[in-house]
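> From first to last, the protein sequence lines stand for chains U and F. 1 is the number of the first residue of the first sequence in the numbering used here; add one for each residue after it. 1 is the number of the first residue of the second sequence in the numbering used here; add one for each residue after it.
Some clues are possibly wrong.
Since the list gives no way to pick one copy over another, a pair counts as held whenever it fits inside one copy or between any two copies.
Here are the simulated lysine to aspartate or glutamate pairs, DMTMM-like style, with alpha carbons at most 25 Å apart [to be verified]: (1) LYS26 <-> GLU6; (2) LYS26 <-> GLU37; (3) LYS76 <-> GLU186; (4) LYS153 <-> GLU100; (5) LYS156 <-> GLU100; (6) LYS153 <-> GLU18; (7) LYS74 <-> GLU95; (8) LYS74 <-> GLU100.
Since the hints were derived computationally from the structure, they do not count as laboratory data.
Protein chains: 2
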Amino acid sequence: MQLFDEDNLSPVRRRTLERLTHAALKLYQENKFPSPEEITREAEYAKVTLRSYFSTHSEFVEYVVKRVIGAFEKPKMTADPEENIARLLSWGYGELFSHEALMRDAMRIAQHRWQTRQEEGSHEGESFLKKSNRREALAEALAPLESQLPPEKVQKLIMLMSVLYGTEALTVLKDTFGMEQEEIVELTTWGAKLMLHQALQEET
Amino acid sequence: MQLFDEDNLSPVRRRTLERLTHAALKLYQENKFPSPEEITREAEYAKVTLRSYFSTHSEFVEYVVKRVIGAFEKPKMTADPEENIARLLSWGYGELFSHEALMRDAMRIAQHRWQTRQEEGSHEGESFLKKSNRREALAEALAPLESQLPPEKVQKLIMLMSVLYGTEALTVLKDTFGMEQEEIVELTTWGAKLMLHQALQEET
Chain U
1 MQLFDEDNLS
11 PVRRRTLERL
21 THAALKLYQE
31 NKFPSPEEIT
41 REAEYAKVTL
51 RSYFSTHSEF
61 VEYVVKRVIG
71 AFEKPKMTAD
81 PEENIARLLS
91 WGYGELFSHE
101 ALMRDAMRIA
111 QHRWQTRQEE
121 GSHEGESFLK
131 KSNRREALAE
141 ALAPLESQLP
151 PEKVQKLIML
161 MSVLYGTEAL
171 TVLKDTFGME
181 QEEIVELTTW
191 GAKLMLHQAL
201 QEET
Chain F
1 MQLFDEDNLS
11 PVRRRTLERL
21 THAALKLYQE
31 NKFPSPEEIT
41 REAEYAKVTL
51 RSYFSTHSEF
61 VEYVVKRVIG
71 AFEKPKMTAD
81 PEENIARLLS
91 WGYGELFSHE
101 ALMRDAMRIA
111 QHRWQTRQEE
121 GSHEGESFLK
131 KSNRREALAE
141 ALAPLESQLP
151 PEKVQKLIML
161 MSVLYGTEAL
171 TVLKDTFGME
181 QEEIVELTTW
191 GAKLMLHQAL
201 QEET
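Between the sequences and the hints, there should be enough to build the whole structure, so can you do that?
This is how it looks when you write it as structure tokens:
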């Protein structure tokens, strides 16, 4: 649980949280998956400090991801869905690569949370379902398709593009095929276009 | 490191390894990510036993994955790439879902290994690049395309299908969109067909 209200944080508590966040980001930039101890040490606080903000380490990592994603300047969307997807993939993989360790750690932690939810017997998965920036960005990118395709097909394309666009795809293409950022952008853009073209063609 | 030779294992050591493997699988079937301690306890061995077979826990988990995948009976491939992909996705997601916790833990551990490689400064990623059953299965499924598409396009399609087919895609579609196994098979099969059709069409 996040143990504070973002909008009602004393200046001192806010500064402390900023320093913890920056310490974590600095360690992630060194391609580490920092432990709570490493983060507080880097920020020069006592070990317990983090625990007064977040009840678990996963929540802190999620908070850092949210902060990083919140600071992203998303590309402008146009009336052309194909152009939108190309912009989103090129920009998005750039951001993912520049925060690769953080994104991989978040993916790792998401699995751990899945496991914890199994133990708790909660199956609704609500905490996951609400935090998808990727889904929202893709829905906006594909919105112009709504005049050309039935809504359920647009939705299916959003889901397929979600698989092509993200840390999961990055790890498959980089770790299994040794691909670099540029190649991943080119490949996934090509795949997205194939799907868009064919879906539109099947409709007419 | 794997500290034994699979083909030259004494009957006693082999039996012990079998019991450890089965204990791990039993715990994974209960949707746990078992620790080395939990596995040895389940198998009724001393804590040190595992360490005489594998120098790290990740390697044991990889061994278990390899054993599970090795026992899979892959579907027969035909001369029709579209049919092959449909068979592979339907069968493969069935296997992934029936070993969901193991596959998620393996994905989690793969991230941890990425991080360790960064620390060691080794960038070749060799340990990942060699262990892709998925790539081989997809190459076989798409082999009939070789008479219709240039080899680099077949290769690109294999890579795109690798993103649609695996634990990574499973977690995106299940955790972000709340999809079930059948829906995931249907969606990814549709997406794969869109790409195949359009790639072939662009060629003619």
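> Confirm or reject each hint.
Results of checking the hints against the structure:
no.: 1; hint: LYS26 <-> GLU6; in the structure: within (22 Å within a copy, 43 Å between copies)
no.: 2; hint: LYS26 <-> GLU37; in the structure: within (14 Å within a copy, 33 Å between copies)
no.: 3; hint: LYS76 <-> GLU186; in the structure: within (20 Å within a copy, 32 Å between copies)
no.: 4; hint: LYS153 <-> GLU100; in the structure: neither (32 Å within a copy, 28 Å between copies)
no.: 5; hint: LYS156 <-> GLU100; in the structure: between (27 Å within a copy, 23 Å between copies)
no.: 6; hint: LYS153 <-> GLU18; in the structure: neither (43 Å within a copy, 47 Å between copies)
no.: 7; hint: LYS74 <-> GLU95; in the structure: within (10 Å within a copy, 38 Å between copies)
no.: 8; hint: LYS74 <-> GLU100; in the structure: within (18 Å within a copy, 34 Å between copies)
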